[in-house]
Amino acid sequence: MTKILPKSHKNRWFGVLAIALCLVIWEIVAVAIVKYSFILPSPTDVFTAFVELVKNGTLILDFEESMVHFAVGMGAALLVGIPIGIFMGWSRKCDAFLNPIVELLRPIPPLAWIPFAIIWFGLTLWSAGFVIFIGSVFPIIINTYSGFRSVPRIYVEAGKMLGCTKSRDLIRHIAFPAALPSVASGIRIATGVAWMCLVAAELFGVSNYGLGKNLWQYYNLHRMDCVVVYMLILGLIGLLVDMLLRYYIDHHFLKWQTKEVA
Amino acid sequence: MGNLTINGLYQSFDRDDGTHLDVLNNLHLEVHDKEFVCILGASGCGKTTLLRLIAGLDQAKSGSIVLDGEEIGGPNPKVGFVFQEYSLFPWRNVIDNVAFGLEMRGVPKEERYATAKKYLDLVSLVQFSTSFPAELSGGMRQRVAVARALALDPVLLLMDEPFGALDAQTRNMLQKELLGIWEKTQKTIIFITHSVDEAVYLADRAIVLSPHAGRICREIPITLPRPRDRTSVEFAELRRDILDLISRT
Chain A
1 MTKILPKSHK NRWFGVLAIA LCLVIWEIVA VAIVKYSFIL PSPTDVFTAF
51 VELVKNGTLI LDFEESMVHF AVGMGAALLV GIPIGIFMGW SRKCDAFLNP
101 IVELLRPIPP LAWIPFAIIW FGLTLWSAGF VIFIGSVFPI IINTYSGFRS
151 VPRIYVEAGK MLGCTKSRDL IRHIAFPAAL PSVASGIRIA TGVAWMCLVA
201 AELFGVSNYG LGKNLWQYYN LHRMDCVVVY MLILGLIGLL VDMLLRYYID
251 HHFLKWQTKE VA
Chain B
1001 MGNLTINGLY QSFDRDDGTH LDVLNNLHLE VHDKEFVCIL GASGCGKTTL
1051 LRLIAGLDQA KSGSIVLDGE EIGGPNPKVG FVFQEYSLFP WRNVIDNVAF
1101 GLEMRGVPKE ERYATAKKYL DLVSLVQFST SFPAELSGGM RQRVAVARAL
1151 ALDPVLLLMD EPFGALDAQT RNMLQKELLG IWEKTQKTII FITHSVDEAV
1201 YLADRAIVLS PHAGRICREI PITLPRPRDR TSVEFAELRR DILDLISRT
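Residue numbers (the working numbering), protein chains in the order written: chain A, 1 to 262; chain B, 1001 to 1249.
In short, the hints are calculated from the structure, not lab data.
There may be inaccurate statements among the hints.
[Unchecked claim] If you anchor each label on the Cβ, the simulated ranges turn out as follows:
(1) A:F97 <-> B:D1014: 24 to 34 angstroms
(2) B:Q1186 <-> A:P100: 49 to 59 angstroms
(3) A:G15 <-> B:K1176: 49 to 59 angstroms
(4) A:I101 <-> B:G1106: 32 to 42 angstroms
[Stated by the list, open to error] In silico EDC-like links for lysine to aspartate or glutamate, alpha-carbon gap of 20 angstroms or less:
(5) B:K1176 <-> B:D1121
(6) A:K255 <-> B:E1135
(7) B:K1078 <-> A:E157
(8) A:K255 <-> B:D1096
(9) B:K1061 <-> B:D1014
(10) B:K1034 <-> B:E1183
(11) B:K1078 <-> B:D1033
(12) A:K166 <-> B:D1058
(13) B:K1117 <-> B:D1153
(14) B:K1109 <-> A:D169
(15) A:K166 <-> B:E1103
Every residue gets a Cβ at the ideal spot worked out from N, C-alpha and C, and that includes glycine.
Given the sequences, and given the hints that come with them, work out the whole structure.
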């Protein structure tokens, strides 16, 4: 570890360099070759637009609105997906019963649900939440399910020998903690999908604010510099959420997983 | 108490083609309170099957297993089990592993930690209370597993080749430690092993299972005084006799 760390720190500068290089090339192409901000706004245009958007205060309202959609969708996906995954992973009967339903619904692209989302929930935050829910619930179900399926039998038997014999207790004290790394990585995959669905769901005008909503709004206004600002912010928030989850998963499970994997 | 009586035990596994594979056939065994019994036999002779039945983890096709007058019908807190593979819960630290059984029983935190500490002390691992199993060596993990099984104060301790995966030196050390624990806690112990040396060192009685008949082929009382000297003539003779017996069956 000690040998590898300084090297990777040194290598990190390559990453910074690459981003800086991209910005410079982008600026040159935009200013000297394309020369038309509508087709390709330059980094300086984008930065000016960003300052403008921060000053008039919409950006923060968009962020808040999007986070509400995200929370509604992800929250519902967790509340529904984890129990379904547990039932399917623990009981063969539940698996046989629910598996065909899950497998039939899963391949339907989440965005194909948008018409029904609007019919059922109207142009409200609930319909955006519903589309996000559809996108994120399946990775959670599948990972919870496979986590439960791969709980080593010896842990269950050790639990039984120590007086943990009821299904409910075995799930709570043995199977769930054993499956948690898999559940957590399912949640991580789900947040990525949820974030993609969020933009699409907001395009249909379910609210007055929202990162996806205003990205589309500024396209209609031909403010492509603002569109790029929204694109970058969406990307950065997605990255940040993923990094936080990955950090949490690594640190939480590392202490009991390292040697199991190696 | 810890008197175990096994009568007419029969267990078979169903093959895919519809035939049965008899693993145990009309097996009788009597184990007395505070006795240390080792069960020996070639691989596949049904040692582990027998132990799992006594534990209540599997159900026999017929026959009875009675512990202190009570028929074993499922996992029972009076029976402790130490598994062959590493069975500690990797998401719990050492003390929470040892206290697990007490937690399931609803013992308050302070009380169960005190009990767990007592048993960790017995295997000299108190200073590792807050370590996670992944941070321990193989020998230490099995010592924690012994402490975890003992924490519920069972009358009968079942051990399925618990030291099989360890190196010879650690193994000898743990055998010595186990004898100390046995003397202190006065448990009845049924210990499965491949190693004749281990059986002669540990047991009051070695039981050799015959590989195909699925019953006991021979019981050999071992009366050598403890601590036993592996290099003594008597030890070597006993070991040779048992080895002969196993290779002949």
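Okay, which hints does this one fail, numbers in order? Hint check: nothing fails, all pass.
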